[in-house]
Every structure is written in C-alpha cells, then in structure tokens.
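Visitor: Chain B: place on chain A using the hints.
Letter by letter, the chains look like this.
Number of protein chains: 2
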Amino acid sequence: MQTAVSSNSSVSPAVGFEALRDFIARALGSQGLPSADAAKVGELMAQADLQGSDGHGVIRLPQYIKRIRAGGINLNPDIRVVSERAACAIVDGDNGMGHLVVSRAVDLAIAKAREAGVAWVSTRYSNHAGPASLYARKPLEHDMIGLYFAVGNANHLPPWGGMDMLLSTNPIAAGFPAGDEAPVVLDMATTVAAYGKVKAKAKKGEMMPEGWMIDRQGKPLLDPKRADEGFLLPIGGHKGYGLALMVGLLAGTLGGAAMGRDVVDFNADHQSVTNTGQSILVIDLSAFGDPAVFKASVDALIQQIRDSERLPGVERIWLPGEQSHDRRERYARAGIPIAAGLFAELRELADSLGITPLVAGSGV
Amino acid sequence: MQTAVSSNSSVSPAVGFEALRDFIARALGSQGLPSADAAKVGELMAQADLQGSDGHGVIRLPQYIKRIRAGGINLNPDIRVVSERAACAIVDGDNGMGHLVVSRAVDLAIAKAREAGVAWVSTRYSNHAGPASLYARKPLEHDMIGLYFAVGNANHLPPWGGMDMLLSTNPIAAGFPAGDEAPVVLDMATTVAAYGKVKAKAKKGEMMPEGWMIDRQGKPLLDPKRADEGFLLPIGGHKGYGLALMVGLLAGTLGGAAMGRDVVDFNADHQSVTNTGQSILVIDLSAFGDPAVFKASVDALIQQIRDSERLPGVERIWLPGEQSHDRRERYARAGIPIAAGLFAELRELADSLGITPLVAGSGV
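Here the protein sequences line up with chains A and B, keeping their order. Count the first sequence with our numbering and you get residues 49 to 412, in order. Count the second sequence with our numbering and you get residues 49 to 412, in order.
Treat the hints as calculated values from the structure; they're not laboratory data. All of these numbers come straight from a predicted model, not from anything done at the bench. Don't take every hint at face value.
Identical copies carry no separate label here, and so any pair may be met within one copy or between two of them.
[Unchecked claim] The calculated DSS-like cross-link candidates involving lysine-lysine, where the alpha carbons are at most 30 Å apart (straight line), are:
1. K245 x K273
2. K114 x K251
3. K252 x K343
4. K267 x K343
5. K343 x K273
Extracted from the complex, chain A is given alone in its bound form (with noise of 0.2 Å):
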C-alpha cells in the first residue's frame, strides 16, 4: 500500500488526474460496482474535479458510497430505452449510478441527432451525475450542440412568494462548439447560489452576502449555520422560480421522474429510490449549414465580447466556461488540489474501505 504524502499539511495537495480517476474508481469497486462501469464513473468524477466543479467531483464520493452500502443504489442496473422515436427516447437508469444513466442518454442523443438534426433523450430512474457541464460538452466533440436539465436532488427552493421547498436549484448548461476559441459553456443553478457554496461558506464561518437566502419572515439570511432555517432566492426573483419550474418539468416530469414533492432529499436519505430526471438535448450543427461557419461565427462574437469595452475596475470580461476551461488546462499539467480535509477524509475512507489510498503529486 502508499503512501500519501501532504495530507498532514494545510496547504491543498494537489493529485494527478489519473491518479484521482482511478482511486475514484478503486474505491467504487471495492462497493461492487462492476470494474468498466466504476471506470467510466472515476473518469467523469474526476473530470468534474479537474475542471473545477469541485462541488460535484470526489467530494461526493463518501456520499456515493454510504448510499451504494444502504442499498439505495442498483450496481448492476438493466439501463435501457423505454421509448423511442426518430429524435427522442426515454432512458430507465433502473436505479443505477447517474453518472452511466446520463452517459447513456447523451450517447444515444448524439447518434439520433446525427440522423434526425436534433435530438431529446430524457432519463428515469436516474441518479445524482454530477455537473450539468459535463453532459451539456460531450456533444461537442461531435460538432454538436448540447443542452442539459437536471433535477436537484433535495428541494431548497420555494415557489416565489412561498416558504414550502417544493423545487431545486435545478440547473440549465449548455455547450456550443468554437473554432480556435474555447467552446461556450454555461453551467448554472437557477437559484442565486447552488446549495453546495452555502455549505462551503458555513465550512468556512464566513457570513453570506444579502440575496442568496431569506428566513421564514422574508428577511434576508446572512448565516449559513441557519441555511436550515431559510430557503434559497432564485436569480431574477420570479424570473428564476418560472425558470426552476421549467427546468423541473422538462428534466423530470416528462420523462417520468421525480418532481415537487416527490423529489428525495439525497443529503438526508441513502436509501430510497431518487428517481432522479436529467435531460439532453443534442443538435447536430451539419443539419443548419457548415460546421466551420458556425464556429467561425462564435470565434468573432467571443472576440467582440472579450475586446468590448469594460466597466471601471474590471480587469477581463470572461465568456461562459473560459475559466473552467483555463482551469482544466492549468490542473492537467501541474495537477488537481485537493482541499487538505477532504484529502484527509478519502485517506479515512481508503483505510476503511481497504484500498490503496490517494496520492498527492501532480502525476505527471
């Protein structure tokens, strides 16, 4: 067995990304998870980590796992399509890890949109994937747009005007292909915040800044000790409910899966069925024209938007996903940090569940 090294020092060790993927994956398996599927998991996990998304990379992986050992996740779920036509299908996880039900679904959307022009998957029976980017940029490979809804798994958002959490952060990301630019690629909660940087706040006792959450009385909630006693503020006030709502309806109603108050809160409960809703939409951008022509048109918005003229103090006007995208390059070579707690906390997992633990170094 390694050693890791750092994980007693403060500073954020940093691991290389095939080193993360594949502990990610070790310890999936060590759960039963057959050894192509925790592969194919470590892979996404740890490509969340090295774009950034911190929030939905290895971090989850004790939550993973207490849920895999409550028996709340199937590993050797039958995902399969459970409707079909020429430009749109529905996707039953049967309860596998989300991460193999969302891959399934933007595989199959991607080939249907290559014939149809466009194409809609929706999954059922899924479960918590990770960041919405992910999906919305596997098509781009393909000279494809993609477009993905997810259903939050725990409500924090009430209708506007209302204090019962009936809706999630439900996100929207979409990726658009560029040529010598970076691709476009939103990723965004419809809430103020995601529930994770309330969490993040708290860990670090700073206070919140007014308009991310509001108490019982619709006062602002500046504590993130008493986010339990508050709800997350959707952006553009009921802007931000209509878009949660549709988000939900479109990633979760319409293809059968969990909404409203049906939604399981993942954070409290690892054991029952989350029925979890995601949906991508994928379009194919050789059924519009050339390709080339498109991308050479988002490379000239790119350069209008970055060269515009900038408000006073501001040092860079950034597109959606260029951060991320520097991010990916800067952690490839030099390797991706890891908080020093949680590294602590995977070494404390690694121990109990008997694997080779992680180990710090950029692994190049």
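Guide: Leaving out everything else, chain B in the frame of chain A:
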C-alpha cells in the same frame, strides 16, 4: 367611417378582440400587406393584447407601419425552408413580417415533432414577432411542449463586467400542457427588466428600482429618462449574461441570423434588413408516454405549488402564465383596455392611413 368613442377620456377605453384584430389587419392591409397575411398578423398582435402583453401588441403597430413605409419589410416574401432533416429545419423569412415567419416555423416544428417526437426550427431573415409566449403556447393545443428563444431587436445588455451593449434582452418562453389547470407558460427576458418597462417608467415619470440598470461607472441608474446613459442588468448577474448569450446563439447564430454587433436597433433604424432569428423547440408528449399522465402530473404540481405555505404578506402564489390566462378570459368578456394615449395615437394613425379607426366597446 365609424367614430371612436371615449378617445377623449383619460380612462382606458376597452376594445373587443375582433375589433382590434380587424383594425390591425386594416392598417397593415392599407400598406400593401396581402389580406390573408394582414389578418394573420392582426390575429397574433391582438392575442398579445388579449393576454396583457401590451408592450408587444397593437402598441407596435405605428412602428411596424413606419418600417413598412421605409421599405424595411418585404410585403411579399418567399418564406421558405432552406435546410431540413427529420427533426429540424431553417426557415428563411425573406425579411417578411416576423409573425408570419415564426408562425411558419412553429407549424413546421409541430408537424415534424408529430413524426420524430421532437423538432427544432430556426428562423433567419425574420423580424420582430411579438411576445415569445404566443409561439411557445401554440404547440399546447396539440398536447405538445413549446420552447421558444428569440434575439431581441435592439442591444441593451453588455456582457457581465462590460459597457458595450452586444446583447439584447433575449427572451425564453416555454409552454407546458396541463389537464384541468391552465397551462404553465413562462415568458421572460433574461434581463431584470425588459426595455419596454424602462420606457413605461419614463412615461409615468417614475423612478426605477435599484437593480434594473447601471450607469457607466457601474452605479445604480434610477432615472429612466437617463436610460441611454446606462445599461440593463441581467438576472442573477453573470448567470443572466450567460443565459442571454445562450439564447442568442440558439436563436441567432445557429440559424444564420444576426447576433452581437450585427443586431440592428429596430427602434432607430426602420430600413435595414434586421435578419432577426428565433428558434422553436416542440416536444410531442405522446412520444414520451400517455399525454394524460403528463398533464395530470402537471395539475398535481400546480396544486402543490398553489396550496403551499406562503411568506407573511403574500396573498397568493402564482404559476407562470396564470395571470395572463386569467387576463385573457377577463378581456375576452369585458374587452381589452387600451391606454388613452395609445388609443388617440391609433386614431391619428387611422386618419393618416385613411382607414376606419378602432372603435371602443367590449365587442361582445
């Protein structure tokens, strides 16, 4: 020639739907728009007023007439499909009235979705087509979901951190069939306030709330009369910027329509071809299961939301589209209120065109 009543009163005169529709058709017909096309545009514009989208209904008529007279609209366009696959198409509007171009796109998307399950149709060389919800609602009667994206016809939004207005209020609309309940219909600009709301505040001599606009120092801009010294703000800060960009890429760039610097300000320029783009996505519920099951789920969700606990002081929780739905039924019975100033302007327009003016009265 009939005489309009109550135009000399400051109370808003009410007009019947048919009277409004026919007046618009007369006005457009007088400028050479073929009568079937004039009737169709009249119908859609009057429907906008009927649902209370009064910034996009008959209020636009003087501007449309001005554009037609300046040669900025092709009155006899060859609206045609220029590329096509099973689940997608591009409709080239040949610079015709936007209502006609988008109607054609929506009809085509509905027909394609009936076969393929899902269909996406983009327009190019279209024009301003009224409220987004008109088109997202159209698939509802076929038990289909509609999602609509449009590039706004004037840039009022800079990228986040910038001052260069490269983006518009690019709206998103979505319509979901329900069973016994009214359908869920979202229609929202990706900015906190649509530009029409700023103009309305200026007209009333009111200040804007903080958060609608900022000036070139990044400070809140509250006086709507100084609107041209500042910019609209996107919902949720950088998130709304990302959404506006996403909508622009989907509705403009994808179909070969204008985006970014190429967008023509149709308030200032009545002559240049706008090359406006819109996109409609239609999802046939029957491709995903029994539409009755979907609609029953939407009903149940609506009831959960409506009956949920309210914040202190909140009288009712609304669903997106519910207020428009109520208004549509009320105005159909009692007539559509037209602001006195607009009513007088329409009377002058009728005089100048030599057509029978709009007559007040519920029309019932």
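Visitor: Hint by hint, which ones does the structure fall short of?
Guide: Structure breaks hints 3, 4 and 5.
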